[in-house]
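Chains as they are written, first to last, in the numbering used here: chain F, 1 to 472; chain D, 1 to 472.
Read the hints as simulated data drawn from the structure, not as lab findings.
Treat the hints with care, as some may be off.
Restricting the straight-line Cα-Cα distance to at most 30 Å, the calculated cross-link-like pairs of lysine-lysine (DSS-like) are [as the list claims (entries may be wrong)]:
| # | chain 1 | residue 1 | chain 2 | residue 2 |
| --- | --- | --- | --- | --- |
| 1 | F | K340 | F | K459 |
| 2 | D | K455 | F | K455 |
| 3 | D | K446 | D | K459 |
| 4 | D | K396 | D | K459 |
| 5 | D | K455 | F | K446 |
| 6 | F | K340 | D | K107 |
| 7 | D | K459 | F | K340 |
| 8 | D | K459 | F | K396 |
| 9 | D | K340 | F | K340 |
| 10 | F | K446 | F | K459 |
| 11 | F | K107 | D | K459 |
| 12 | D | K107 | F | K107 |
| 13 | F | K396 | F | K459 |
| 14 | D | K396 | F | K446 |
| 15 | D | K340 | F | K455 |
| 16 | D | K446 | F | K340 |
| 17 | F | K338 | D | K107 |
| 18 | D | K396 | F | K340 |
| 19 | F | K340 | F | K446 |
| 20 | D | K340 | F | K87 |
| 21 | D | K446 | D | K340 |
| 22 | D | K459 | F | K459 |
| 23 | D | K459 | D | K338 |
Number of protein chains: 2
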Amino acid sequence: MQERQIDIVIIGSGSAGLNAMAQARAAGRSFVLINGGAPGTTCARIGCMPSKVMIHIAEEYYRRTHFGQFGIDGHDGLSLDLTEAMKHVQELRDGFVQGVVSRSTDKLPDDVFIQDYARFIEPTLVEAAGQRFRARAVVIATGSTPIVPAPWRQFGDRVITTDEVFELPDLPASMAIIGMGTIGLELGQSLARMGVAVTGFDQIERIAGIADPEVNRVAIELMRAEFPIHLGAPAALAEAGDRIRVTAGEHEVMVDKVLSSIGRAPMVEGLGLEVLGLPLDARGVPPFDPATMQVGHLPVFLSGDVTGERQVLHEAADEGKIAGYNAAHVDQPPARFKRKTPFYVNFCDPNIIAVGARFDQIDTERAAVSEVSFATVGRARAMGAGRGVLRVYADKASGRLLGAEMIAPRGEHLGHLLAWSIEQGMTVGEVLRMPFYHPVIEGALKAALSDLYAKIDAKNPGPVIEVAPAAD
Amino acid sequence: MQERQIDIVIIGSGSAGLNAMAQARAAGRSFVLINGGAPGTTCARIGCMPSKVMIHIAEEYYRRTHFGQFGIDGHDGLSLDLTEAMKHVQELRDGFVQGVVSRSTDKLPDDVFIQDYARFIEPTLVEAAGQRFRARAVVIATGSTPIVPAPWRQFGDRVITTDEVFELPDLPASMAIIGMGTIGLELGQSLARMGVAVTGFDQIERIAGIADPEVNRVAIELMRAEFPIHLGAPAALAEAGDRIRVTAGEHEVMVDKVLSSIGRAPMVEGLGLEVLGLPLDARGVPPFDPATMQVGHLPVFLSGDVTGERQVLHEAADEGKIAGYNAAHVDQPPARFKRKTPFYVNFCDPNIIAVGARFDQIDTERAAVSEVSFATVGRARAMGAGRGVLRVYADKASGRLLGAEMIAPRGEHLGHLLAWSIEQGMTVGEVLRMPFYHPVIEGALKAALSDLYAKIDAKNPGPVIEVAPAAD
Chain F
1 MQERQIDIVI
11 IGSGSAGLNA
21 MAQARAAGRS
31 FVLINGGAPG
41 TTCARIGCMP
51 SKVMIHIAEE
61 YYRRTHFGQF
71 GIDGHDGLSL
81 DLTEAMKHVQ
91 ELRDGFVQGV
101 VSRSTDKLPD
111 DVFIQDYARF
121 IEPTLVEAAG
131 QRFRARAVVI
141 ATGSTPIVPA
151 PWRQFGDRVI
161 TTDEVFELPD
171 LPASMAIIGM
181 GTIGLELGQS
191 LARMGVAVTG
201 FDQIERIAGI
211 ADPEVNRVAI
221 ELMRAEFPIH
231 LGAPAALAEA
241 GDRIRVTAGE
251 HEVMVDKVLS
261 SIGRAPMVEG
271 LGLEVLGLPL
281 DARGVPPFDP
291 ATMQVGHLPV
301 FLSGDVTGER
311 QVLHEAADEG
321 KIAGYNAAHV
331 DQPPARFKRK
341 TPFYVNFCDP
351 NIIAVGARFD
361 QIDTERAAVS
371 EVSFATVGRA
381 RAMGAGRGVL
391 RVYADKASGR
401 LLGAEMIAPR
411 GEHLGHLLAW
421 SIEQGMTVGE
431 VLRMPFYHPV
441 IEGALKAALS
451 DLYAKIDAKN
461 PGPVIEVAPA
471 AD
Chain D
1 MQERQIDIVI
11 IGSGSAGLNA
21 MAQARAAGRS
31 FVLINGGAPG
41 TTCARIGCMP
51 SKVMIHIAEE
61 YYRRTHFGQF
71 GIDGHDGLSL
81 DLTEAMKHVQ
91 ELRDGFVQGV
101 VSRSTDKLPD
111 DVFIQDYARF
121 IEPTLVEAAG
131 QRFRARAVVI
141 ATGSTPIVPA
151 PWRQFGDRVI
161 TTDEVFELPD
171 LPASMAIIGM
181 GTIGLELGQS
191 LARMGVAVTG
201 FDQIERIAGI
211 ADPEVNRVAI
221 ELMRAEFPIH
231 LGAPAALAEA
241 GDRIRVTAGE
251 HEVMVDKVLS
261 SIGRAPMVEG
271 LGLEVLGLPL
281 DARGVPPFDP
291 ATMQVGHLPV
301 FLSGDVTGER
311 QVLHEAADEG
321 KIAGYNAAHV
331 DQPPARFKRK
341 TPFYVNFCDP
351 NIIAVGARFD
361 QIDTERAAVS
371 EVSFATVGRA
381 RAMGAGRGVL
391 RVYADKASGR
401 LLGAEMIAPR
411 GEHLGHLLAW
421 SIEQGMTVGE
431 VLRMPFYHPV
441 IEGALKAALS
451 DLYAKIDAKN
461 PGPVIEVAPA
471 AD
């Protein structure tokens, strides 16, 4: 078998792998990019992008339920053509995938972009497409795959995941969504709004991974107003003619399809990671340092969803850059990088957001918490969107913002302001001196911070809280 | 006539005056709040709040024009009941006004909240409601009023302003909007979307006060797709039966009503500012220092719209605080404050935003400019909102962000991120290291900054642009 010498082997041409490739290229290293399965990123093919299109269609259609209060008549005559809607999702999705591959893998020659599944022979020897690649460093960026418990496979195409849902030519009349994390909740709400009889299940009493009990309470209340959600008991599936009976505790529902959204597993099957000679965790992932992405002390680096952590694109991109840079400089000790303030967006309506330290991570003795209901936010009311709650945490002594959780209209934007403020180590008082326009949803953040300011010890210099003294 | 000794006389109970009052109260000073005309702020009564409700109704109704692409059928059967729509505007508006007055002036005793127009007798002697107030300091916060040229008054209630437009029980079939600044453009687009045959006029070739020629070009193009706008010639009105003929250059239109939105004049009429003994400008405003809000060297302070500058609520609030604080401490030299990064939002759809230095203020030799079209922003496309342009300016040598202008979906939120970044003196490279979620409209900002980064001299420390080295 042919053995090619190469500086860097990158396994996986998704968001992490492509970012690693850019670093390899910038450093002038030779590389191959090996990808099994369809090219195009998880984000563009089955993740962020098609879900955002479906969420948007569902949101547009759902608006009719608010039209009456604005004096818009005739909304009872609106209907959603599901075939057309799914076609729109697929068309835009195809455009996004095409955009990614045309700018990346399509430009690579065949001896650089290897379309096959890779397998480790040794830590620096990788086999794919009948060739072996002897590398100075390897980047593993194989991504993740939706988890479907083995017993559920017997139901064939009646149990689907995000791999299939955006491919449906039409939507079923009824669906159970098992797993009310970010993906399950986003899709559950959208499918319900599009007219599918959705029932949600999760074995825990929290949705969307929310840690703050008050945000969780409000989020469950708002989501349950749109479709039934059964929490706290594991779901079991059983044949019922051509349908499926889903039971969880005392709840039972008959559905046409089940969407399994109980998590995404690192894609390590067949990779042969056991040759690395390191202990693998229950998911098959070797130990790695998130500051360098290095696996043990090997010239092997992880990045992206395959880590099983921070499975969001902007972190995968950072990890690809870190892994790619360190793979390109294996002759030096690996460079250590500062990871970003945790920031998670669930694009439900209202958005569900977590930034920085979670409620269960803060020391409630040393931290202050403030809360604002969006029912009190003028702009939210003007938009007919006065639903949700924002909770913000700060360190009492230093006044530094620690974290926040919310279910909030335009929450994704509030999340950016909070994430950037926390990333910079800003205090509550410092943020209160930033410009807040009026009337904006950001007014909720200002109100929460004004309340928080009274509870912390660190006060702003100068006589007026919200206006800094002049430097001169 | 009774003469009362009082620490601070505050003239005007709008947003600026109420903020001044809070400072007077916090300092333990005695005060009276004198207000002529209806209580309630310009913001709540005739400004920010009712306009946001009307904009929102118009935007909701306009969505039907996009429904087809999402597979939503039956949108041709939608209609807007203008009476119901205006009733909704008025109901919410009443709630906002009630919210303000119930928390502020309603709580004041009659000898503190004086409902009359005030008049200066001397710089520290003010007369209102048959009483004279001898004050240690005076805060002038009388606000502004829409300008209607004297010859247009002959048309009676056919020429209206924001004072009347939200009071209309129904909307006219046709309207000319004269003045395509923020107010004229917001109302013009909304009224057009609600079904009024709107024609816009402005004597200059720019709309919404945009300084950047490229943003102006795109904004005019997008707005003209919704209603005709004639720029570059002053409009003249003439009687035409029960209608009005509006002519500007070669353009002529017959309308039922004209909305005058050519600006807001400081409310100084009858105040007797000539007794201050200082030169008054053409608008009747005395000289003042924006860092202290002090008028000349008198114990008199301006704040809010009456200054004729920065006529937006968050600046009025800052000015009220500055004026109120300094009025409460007239025994000391006035405290100087740092004014905020300029930040203006036009709530048209897409939003039009200006932050920091304007294009005509930057030195194009020393500054770099980058531009992103929203047609290239994935999330904007997923939302069917891929229209608009963002332009960002940075200092080449230091890499510091200087300013930005845009017409952008969700622009108000991008504006906050930019305003906060500029307020903190951040460089392009520093902002690129902040967390950007995906897929978000903020991706446009990231793309613009990535492009800008290549054009500036100041580079980030560490080997990877977007990821900071670890501190350890």
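Checked hints:
1. Restraint check for K340 (chain F) and K459 (chain F): satisfied, since their Cα atoms lie roughly 27 Å apart, inside the 30 Å limit.
2. Distance restraint check for K455 (chain D) and K455 (chain F): the Cα-Cα separation of roughly 44 Å exceeds the 30 Å cut-off, and the hinted pair is therefore not satisfied.
3. A C-alpha spacing of about 16 Å is found between K446 (chain D) and K459 (chain D), which places the hinted pair at or below 30 Å, so the restraint holds.
4. At most 30 Å may separate the alpha-carbon atoms for a hinted pair to count; K396 (chain D) and K459 (chain D) meet this at roughly 10 Å.
5. A C-alpha spacing of about 35 Å is found between K455 (chain D) and K446 (chain F), which places the hinted pair above 30 Å, so the restraint is violated.
6. As the CA atoms of K340 (chain F) and K107 (chain D) are separated by approximately 47 Å, the hinted pair breaks the 30 Å bound.
7. Restraint check for K459 (chain D) and K340 (chain F): satisfied, since their Cα atoms lie roughly 19 Å apart, inside the 30 Å limit.
8. The suggested pairing of K459 (chain D) with K396 (chain F) is violated, with an alpha-carbon distance near 35 Å, which exceeds 30 Å.
9. With a C-alpha separation of about 28 Å, the suggested pair K340 (chain D) and K340 (chain F) falls inside the 30 Å cut-off, and the hint holds.
10. Proposed proximity of K446 (chain F) and K459 (chain F) is supported: the alpha carbons are some 16 Å apart, at most 30 Å.
11. Our distance criterion of 30 Å between C-alpha atoms is met by K107 (chain F) and K459 (chain D), whose separation comes to about 29 Å.
12. Taken as a hint, the K107 (chain D) and K107 (chain F) pair is broken in the structure, with Cα atoms around 70 Å apart against an allowance of 30 Å.
13. Note on K396 (chain F) and K459 (chain F): the hinted pairing holds, with a Cα-Cα distance of about 10 Å set against a maximum of 30 Å.
14. With a C-alpha separation of about 33 Å, the suggested pairing of K396 (chain D) with K446 (chain F) is violated against the 30 Å cut-off.
15. Between K340 (chain D) and K455 (chain F) the CA atoms are separated by roughly 25 Å; this keeps the pair inside 30 Å, and the hint holds.
16. With a C-alpha separation of about 16 Å, the suggested pairing of K446 (chain D) with K340 (chain F) holds against the 30 Å cut-off.
17. Using a Cα cut-off of 30 Å, the hinted pair K338 (chain F) and K107 (chain D) is violated, with the two alpha carbons roughly 52 Å apart.
18. Proximity of K396 (chain D) to K340 (chain F) is assessed by CA-CA distance (about 27 Å); at most 30 Å being required, the pair is judged to hold.
19. Of the supplied pair hints, the one linking K340 (chain F) and K446 (chain F) holds, its CA atoms being roughly 24 Å apart against a limit of 30 Å.
20. Taking the CA atoms of K340 (chain D) and K87 (chain F), the gap is near 48 Å; set against the 30 Å cutoff, the hint is violated.
21. Restraint check: the Cα-Cα separation between K446 (chain D) and K340 (chain D) comes to about 24 Å, which is no more than 30 Å; the hinted pair holds.
22. Between K459 (chain D) and K459 (chain F), the direct Cα distance comes to roughly 34 Å. Violation of the 30 Å bound is thereby established for this hinted pair.
23. Between K459 (chain D) and K338 (chain D), the direct Cα distance comes to roughly 28 Å. Compliance with the 30 Å bound is thereby established for this hinted pair.
The structure is inconsistent with the numbered hints 2, 5, 6, 8, 12, 14, 17, 20, 22, although it conforms to all the rest.
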